[in-house]
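Trainee: Generate coordinates for the entire structure from the input sequences, incorporating the hints supplied.
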Amino acid sequence: MSESQVNLLNPYFEKLEIKPKHTIAHEYGSGSRCLNCNCPGLDLHFWRKICKACSCRMDEHDVIVPSNLDHGAHIRKLLIEQSNTKPSKDNENFLNIKNKIGTAIFHRKEYCNENNSIGSSTGSLCKSPLGDTEEPIYGIDHKNTTNNHQFFDISDKDNKNINMLCNNENDRQCPVYTWLPQGVSEHTVSEYMNCIPTNDRPIEGTEGAQLRRTKLAYQLPYHDSDPTACKSLQKDEDFNLHTKFVEKIKHNVVGVGEIVNVHRNYGTQTPNNVSCQTNNYENTDCYNCNTKLGKCNVAVDTSKGPGKNVFHPTCFKCDVCNQLLVDLLYFFYNGKYYCGRHYGEQIYSRCFGCDELIFQNEYTLAEGKNWHVEHFCCFGCDMALGGHKYCVKEEKPYCVPCYMSKFAKTCETCRQKIPPDSERLIHSNMTWHATSKCFKCHTCNKALQGLPFMIKSNKLFCSGDCRNRCKDVL
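If you read the sequence shown in the UniProt record's numbering, its first letter stands for residue 1, the second for the next number, and so on.
These aren't lab readings, by the way, just hints derived from the structure by calculation.
We put the beta carbon where it would ideally sit given N, CA and C, even for glycine.
Each hint should be verified, as a subset may be incorrect.
Stated by the list, open to error - What follows is a set of in silico ranges between Cβ atoms, one per label pair, in the way DEER data are often shown: (1) 37 - 384: 26 to 34 Å; (2) 237 - 199: 42 to 50 Å; (3) 283 - 361: 46 to 54 Å; (4) 38 - 283: 51 to 59 Å; (5) 428 - 314: 40 to 48 Å.
To be verified - Derived BS3-like pairs (lysine-lysine); straight-line CA-CA distance at most 25 Å: (6) 417 - 389; (7) 456 - 409; (8) 437 - 459; (9) 406 - 389; (10) 49 - 406; (11) 369 - 49; (12) 437 - 471; (13) 250 - 295; (14) 52 - 77; (15) 77 - 295; (16) 317 - 295.
Mentor: The structure is reproduced here in C-alpha cells:
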C-alpha cells in the first residue's frame with residue numbers, strides 16, 4: 001500500500017511527525033500582556049517567576065497558551081489518578097460536555113469517569129451521536145451538525161461579550177467555555193455556571209477566561225507538582241523529599257469537587273434503570289458558611305475524595321487566599337480546604353526569590369521572608385547579598401548600586417542622587433540633601449534647615465526680598 005493510500009485511510013498518520021515547537025522555560029508566555037502595568041510584555045527571568053521588565057509575577061500576566069498546553073489539564077494529569085471504571089452505555093444520567101464555535105454543546109458520552117476527574121484536552125475522546133468519529137472533548141469543531149442541542153442559560157452581559165467574538169448570527173446563541181466540569185448532567189452543569197459570579201465563568205474571550213488563567217498560574221504552581229520543574233533541587237535527597245511530597249498529595253490530599261443537584265435525589269442509574277442509594281442535600285449545611293444548601297440548586301460535593309463535605313458553589317474557596325478553587329481542584333489538610341499554593345505552604349516554606357518550596361535543611365530568613373540561601377540576592381543584578389548592605393523596595397531587596405540607579409531621588413540643588421543611608425529633606429515632590437550645602441537660599445546661600453522658607457521655580461529662598469533679587473525666577 002502506498003503512503004498516499006495510508007494517509008487517505010487515516011489522515012491522522014500525517015500528524016504523527018508534526019512535533020510541537022520546543023519552548024525554553026524562561027521563554028514561556030513571552031510577550032504576554034501585564035495585568036498590572038504597561039510593560040512591553042512578559043520577559044521571564046531565567047530562575048525567578050517574575051518579569052524582568054516590570055518585576056510583576058508571571059501569574060500577573062495574561063499568559064495564553066494552546067489548548068493542548070492547558071495548565072489545569074497538566075496539573076490534573078500530574079496529581080489525579082484516572083479511574084478505569086467504564087459505566088454502561090445504557091447509563092444516560094451522565095453527559096459529556098463538548099465545545100463548539102460559539103456554543104457550549106452537550107453530547108452523550110459512551111464512556112464516562114464517574115469520579116469527575118478530567119484528563120487532558122488532547123487525550124480525552126468522545127463519540128459523536130452522528131457517527132464513530134473520535135474528537136477531543138475540548139477544542140474547536142468545524143463540522144456542521146443537525147442534531148438537536150441544548151444550551152446554557154447565560155446572562156445578557158455574557159452575551160454582549162460573546163457577540164463581539166461571533167462571526168454570524170447563528171454563533172451568538174451561546175458562548176464557548178474554556179473549562180467545564182464533567183461527569184454530571186447538562187442541567188446540573190448549567191445550574192452551576194449560573195450560580196457562580198459572572199466574572200468567574202470561564203467564557204472564551206471574556207474576563208472570566210482571563211481570570212481562570214490567572215488563578216491556574218497562582219493557585220496551582222506547576223513547580224509544586226513536578227520535581228523535575230524545580231531549579232532549586234540540587235541534591236538527590238531534596239529531589240526525593242519533593243517526590244514524596246507529591247506522592248502524598250496524590251494519595252491523601254488532592255481531589256476534584258463534584259457538582260451535585262440539591263433539590264432532588266441524586267444517584268447513579270444502573271443499566272437496568274434501577275436507582276442506587278441516593279443522597280438528599282437539601283437539609284445539609286454548607287461546610288464553609290454553615291447555612292443550608294437549599295438556597296442553591298446545585299452544590300459542590302467532595303465525598304469522592306479527601307474531605308467528605310458539601311459547599312455552596314460560591315463557598316468552595318481556599319482557606320488562605322479566599323479565591324474560588326479553580327477547576328474545582330482542592331487540597332484537604334487538617335480539616336481545611338486549600339488551593340495548591342497555600343497547601344504547599346502549610347507543609348514547607350516558600351522561597352520569595354524563586355517561588356519554589358524549600359526542601360533544603362538550611363535557608364535564609366530576611367525581611368520577614370524565607371529564601372533559598374543562594375536566592376537571597378539583588379532583584380536588579382542577582383548579586384548575592386549575604387554580608388553586604390542592601391535596600392528594600394516593595395518587599396524586594398536590591399544592592400546599593402542597583403537601588404541608586406533605579407529608585408534613588410535626585411537632589412534639587414546639586415542634581416546628585418541621594419544615597420539611601422543619607423538624610424534627606426522632602427517638600428511636595430522635591431527632595432534635597434539634608435545639608436547646609438544643598439538646603440539653602442538660592443540667592444544668599446543662607447542655610448534653611450529648621451527655618452521658614454519659600455519656593456519659586458523649584459528654588460529655595462529665605463525671604464521675599466531674596467526671591468525678588470533672583471534673576472533666574474520667572
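Trainee: Next step is simple, just say for each hint if it's right about the structure.
Mentor: For each hint, the structure was consulted:
1. As the Cβ distance of residue 37 to residue 384 is approximately 28 Å, the hint placing it in 26 to 34 Å holds.
2. Between residue 237 and residue 199 the CB atoms are about 44 Å apart, so this pair conforms to the stated range of 42 to 50 Å.
3. Distance hint check: the CB atoms of residue 283 and residue 361 are about 51 Å apart, consistent with the given range 46 to 54 Å.
4. Residue 38 and residue 283 have their C-beta atoms about 52 Å apart, which keeps the hinted 51 to 59 Å range intact.
5. One distance hint, 40 to 48 Å for the beta-carbon pair residue 428 and residue 314, holds here, with the actual separation near 46 Å.
6. For the hint pairing residue 417 with residue 389, the CA-to-CA distance comes to about 17 Å; that is within 25 Å, so the pair holds.
7. A distance of roughly 20 Å separates the Cα atoms of residue 456 and residue 409; the hinted pair therefore holds under the 25 Å criterion.
8. As the CA atoms of residue 437 and residue 459 are separated by approximately 14 Å, the hinted pair is consistent with the 25 Å bound.
9. At most 25 Å may separate the alpha-carbon atoms for a hinted pair to count; residue 406 and residue 389 meet this at roughly 16 Å.
10. Between residue 49 and residue 406, the direct Cα distance comes to roughly 21 Å. Compliance with the 25 Å bound is thereby established for this hinted pair.
11. Our distance criterion of 25 Å between C-alpha atoms is met by residue 369 and residue 49, whose separation comes to about 16 Å.
12. The suggested pairing of residue 437 with residue 471 holds, with an alpha-carbon distance near 21 Å, which does not exceed 25 Å.
13. With a CA separation close to 33 Å, the supplied pair residue 250 and residue 295 exceeds the 25 Å bound.
14. A distance of roughly 30 Å separates the Cα atoms of residue 52 and residue 77; the hinted pair therefore is violated under the 25 Å criterion.
15. For the hint linking residue 77 to residue 295, the alpha-carbon distance of about 34 Å lies beyond 25 Å, and the restraint is violated.
16. Restraint check for residue 317 and residue 295: the C-alpha separation of about 18 Å stays at or below 25 Å, so the hint holds.
In summary, the numbered hints that this structure violates are 13, 14 and 15.
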